[in-house]
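Q: Here the protein sequences come in this chain order: A and B. The opening residue of the first sequence carries number 1 in my numbering; numbering runs sequentially from there. The opening residue of the second sequence carries number 1 in my numbering; numbering runs sequentially from there.
Just so you know, these hints were derived from the structure itself, not from any lab. Keep in mind that a hint or two might mislead.
Claimed, not checked - So these bits of chain B aren't anywhere near chain A, every CB distance computed over 12 Å: (1) L19; (2) T71; (3) E136; (4) V150; (5) C185; (6) S196; (7) D237.
Unchecked claim - As a list, the in silico DSSO-like pairs of lysine-lysine whose alpha-carbon atoms are at most 27 Å apart: (8) B:K66 to B:K87; (9) B:K137 to A:K332; (10) B:K87 to B:K137; (11) B:K87 to A:K332; (12) B:K66 to B:K5; (13) B:K251 to A:K332; (14) B:K134 to B:K87; (15) B:K5 to B:K251; (16) B:K5 to B:K87.
As the list claims (entries may be wrong) - FRET-style restraints, in silico, Cβ to Cβ: (17) B:G70 to A:M446: 53 to 63 Å; (18) A:V256 to B:A191: 47 to 57 Å; (19) A:M442 to B:G161: 24 to 34 Å; (20) A:I244 to B:N94: 20 to 30 Å.
Since the structure is predicted, the reported quantities are computational estimates derived from the model, not experimental observations. Note that CB positions come from ideal geometry on N, CA and C, so glycine has one too.
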Amino acid sequence: MLTKASRTTFLVPLRDGVLAGLVALVLAFPIVGLPTSETAHGLVLRPRIPEAIAFAVAVFLGRFALGVAEAGKPRPILLIALLVAIAAPFASAAPEFGAALAIGGLFVALRSALLAFPGVAGRISGGIRVPPVAIKRAPLVLLLLLVVLPLTPVIDRRLLDIAVLVLTYVMLGWGLNITVGLAGLLDLGYVAFFAIGAYAYALLSLTAGLSFWGALPIAGLCAAAAGLIVGGPILRLRGDYFAIVTLGFGEIVRLVAINWSSLTGGSQGIAQIPRISFFGLADFTATPDPGRRAFHELFGISFDPAHRQIFIFYVILALALAVNAFIARSRKLPLGRAWEALREDEIAAQSLGLNLQRIRLSAYAIAAAWGGFAGAFFAVRQGFISPESFSFLESAVILAIVVLGGVGSQLGVVLAAIVMIGVPELVRQLAEYRMLAFGVAMVAIMVWRPSGLISRREPSIRLGDAT
Amino acid sequence: MSGDKLLSVEHLTMQFGGLKAVNDVSFAASASAITAIIGPNGAGKTTVFNCLTGFYHPTHGRIALKSQHGTIELQNLRKHQVSARAKVARTFQNIRLFAGMTVLENLIVAQHNRLQRASLFSFAGLFGLPAYRKAEKDAVERARFWLDRVGLTSWADAQAGSLPYGQQRKLEIIRALCTEPVLLCLDEPAAGLNGSETAELARFLRELRDEHGLAILLIEHDMGMVMGISDHIVVLDYGRKIADAAPAVIKEDPAVIRAYLGEPEAA
Ligand SMILES: Nc1ncnc2c1ncn2[C@@H]1O[C@H](COP(=O)(O)OP(=O)(O)O)[C@@H](O)[C@H]1O
Ligand SMILES: [Mg+2]
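Kindly generate the complete structure, drawing on both the sequences and the hints.
A: Written out as structure tokens, the structure is:
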């Protein structure tokens with residue numbers, strides 16, 4: 001005989017678990033169970049039915065455990081889940097399955113730990129009480145650290161490279177935050193503008209001989225022009241349709257880059273893109289071309305290949321700070337407030353005389369321009385670009401950084417970029433699990449902090465300010 | 001229609017598929033006067049507002065508004081132009097605030113077009129030029145003026161969405177006023193307010209009429225308030241106008257009584 005209490009503690013979770021397991025089976029069967037692999041004889045089907053079933057069983061167990069934990073028995077579940085998480089990597093014959101089980105066990109353990117000790121959960125989801133002073137000071141401290149970073153002895157080439165990469169994503173995140181955070185438009189194809197900027201610089205420097213500094217504004221303008229042309233007709237569309245069209249646009253740009261081989265080099269890409277110069281005054285090279293000066297000669301120091309890298313670091317830092325300053329400024333301008341107003345309620349905004357289409361277009365095109373700048377920087381830093389760098393995945397990563405950081409939050413984007421780009425690069429072993437970590441991070445954020453790591457919004461004006 | 005009226009609506013018809021939500025309705029509204037539009041639910045009152053403010057494009061009819069630059073035909077304007085060009089402002093039956101922004105920001109957004117011009121379309125503002133700073137200061141002063149008038153000053157820096165319901169209603173009205181309208185359209189502003197809040201609202205609307213010379217179009221179900229402050233009442237029923245007169249006359253009108261109470265049942 002089941003008591004009423006044990007019915008809700010076990011039967012309901014059991015039902016949920018079976019349902020989740022069935023769904024997992026349906027999904028896992030074609031994805032895990034029937035993989036194809038390419039061999040000399042063409043595509044071959046290599047069925048992995050037991051693995052598919054094992055995954056479904058794991059999902060069932062996980063859902064059931066979560067259900068029981070939620071129904072009031074978090075402590076035993078916490079213990080079991082921890083044991084599973086620790087034992088799985090050793091016990092399992094199939095390493096992938098062991099890893100999945102370990103991660104699932106950890107997730108269940110984390111959830112039940114939060115249920116078992118509600119004080120901790122409350123503190124996390126109530127905002128880890130960061131004092132406002134800390135949020136105010138953090139950017140300044142961060143900035144100082146960044147400015148002196150390349151000059152400190154702890155930094156090596158690899159770290160500097162990672163810092164440049166993270167800053168590139170910070171800049172892209174901030175740029176996309178104009179559309180997503182301020183204007184409230186879900187842009188799934190931001191990488192298109194990044195690509196346009198990159199190709200614009202590559203082509204301008206190779207065919208017209210423009211320097212990076214000459215080509216930079218043009219690259220931004222090209223991206224903005226693309227934004228105007230695409231945005232004009234599609235900004236009329238309502239939310240979801242807009243997102244779908246931008247997704248398509250991102251793919252179109254990539255496909256054009258692949259197929260217009262005479263201009264873009266097709267999937268081979270463009271190589272030997274001219275390197276950055278020291279504001280056109282000197283080159284970063286040991287042996288300058290005739291008529292040019294080398295950076296180390298200009299300053300009378302000895303040649304060091306790290307000079308270029310350090311300069312690149314300062315360039316991306318300056319570009320990212322420019323986006324940040326632009327956003328901070330425009331939030332206090334009529335245009336920035338209009339972006340936010342349209343995000344909050346487009347009907348009310350229009351009744352107050354706001355021209356929806358023109359205002360949204362400005363947000364879309366301005367964000368595109370910053371994407372274009374970032375693209376030009378990417379091209380000059382890599383010296384090589386190909387369509388591969390501009391896949392949908394990049395748009396998704398940038399968007400994930402914005403959402404994870406807290407839509408509209410500048411500092412949040414920095415934190416998210418460090419977590420999502422910096423950490424996996426730093427700990428190479430983790431790089432393989434990056435997509436998994438992405439997923440877990442997104443789920444965790446959606447569950448515990450649905451508005452992102454940092455969701456505080458600073459008013460753009462206060463009544464006391466003007467007096 | 002009479003020539004001295006600020007607004008004249010002529011033969012307005014709005015058809016949705018087979019339904020004529022507004023059917024050949026004509027009426028007028030003057031400056032310094034409160035014109036009420038009443039009628040049972042679904043009579044077409046909100047639809048009239050939507051036609052006036054560019055949200056719907058009427059099937060037939062003409063909506064003419066007098067301005068310094070001659071007559072403006074509202075039915076030809078797009079949503080944002082109604083406020084920008086014709087100076088007609090409105091509120092919504094279900095309050096529509098910029099909930100995540102502060103009270104003051106709501107009022108500044110309402111002055112967008114003026115500020116946008118002063119900031120040379122944000123370019124001057126980007127570099128903090130003095131002309132823009134002055135314009136912004138004026139905008140804040142205008143906001144403060146209205147905040148003081150309705151007693152919302154202490155809420156100025158609070159999130160609009162966090163305000164109590166009655167204060168949200170007030171905020172939506174003064175936000176409309178910050179656009180400096182000549183005609184203010186209020187869609188059920190007293191809905192959800194308690195007795196003292198309704199009395200305060202009635203007093204405020206009277207002041208707007210008498211001190212600011214505003215023309216007010218008022219959709220309202222609170223008959224006490226309507227009869228108390230209206231200069232003129234238009235009654236709609238099933239999309240048709242069934243009466244158009246002073247409050248005292250409307251009270252006695254048999255067609256209006258029938259529309260509100262239903263046909264007397266045969267015993
Ligand atoms: N956009 C629309 N599409 C179809 N029918 C509408 C639309 N707007 C209003 N209606 C219909 O018109 C009629 C009048 O509505 P409304 O003007 O909102 O009445 P009320 O007098 O209560 O404000 C209702 O029957 C409503 O269903
Ligand atoms: Mg209505």
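Q: For each hint, tell me whether it holds in the structure or not.
A: Status of the hints after comparison with the structure:
no.: 1; hint: L19; result: holds, 22 Å
no.: 2; hint: T71; result: holds, 20 Å
no.: 3; hint: E136; result: violated, 7 Å
no.: 4; hint: V150; result: holds, 15 Å
no.: 5; hint: C185; result: violated, 9 Å
no.: 6; hint: S196; result: holds, 26 Å
no.: 7; hint: D237; result: holds, 27 Å
no.: 8; hint: B:K66 to B:K87; result: holds, 11 Å
no.: 9; hint: B:K137 to A:K332; result: holds, 13 Å
no.: 10; hint: B:K87 to B:K137; result: holds, 22 Å
no.: 11; hint: B:K87 to A:K332; result: holds, 25 Å
no.: 12; hint: B:K66 to B:K5; result: holds, 8 Å
no.: 13; hint: B:K251 to A:K332; result: violated, 51 Å
no.: 14; hint: B:K134 to B:K87; result: holds, 23 Å
no.: 15; hint: B:K5 to B:K251; result: holds, 24 Å
no.: 16; hint: B:K5 to B:K87; result: holds, 16 Å
no.: 17; hint: B:G70 to A:M446: 53 to 63 Å; result: holds, 56 Å
no.: 18; hint: A:V256 to B:A191: 47 to 57 Å; result: holds, 54 Å
no.: 19; hint: A:M442 to B:G161: 24 to 34 Å; result: holds, 26 Å
no.: 20; hint: A:I244 to B:N94: 20 to 30 Å; result: holds, 29 Å
Hint violations for this structure: numbers 3, 5 and 13, all remaining hints satisfied.
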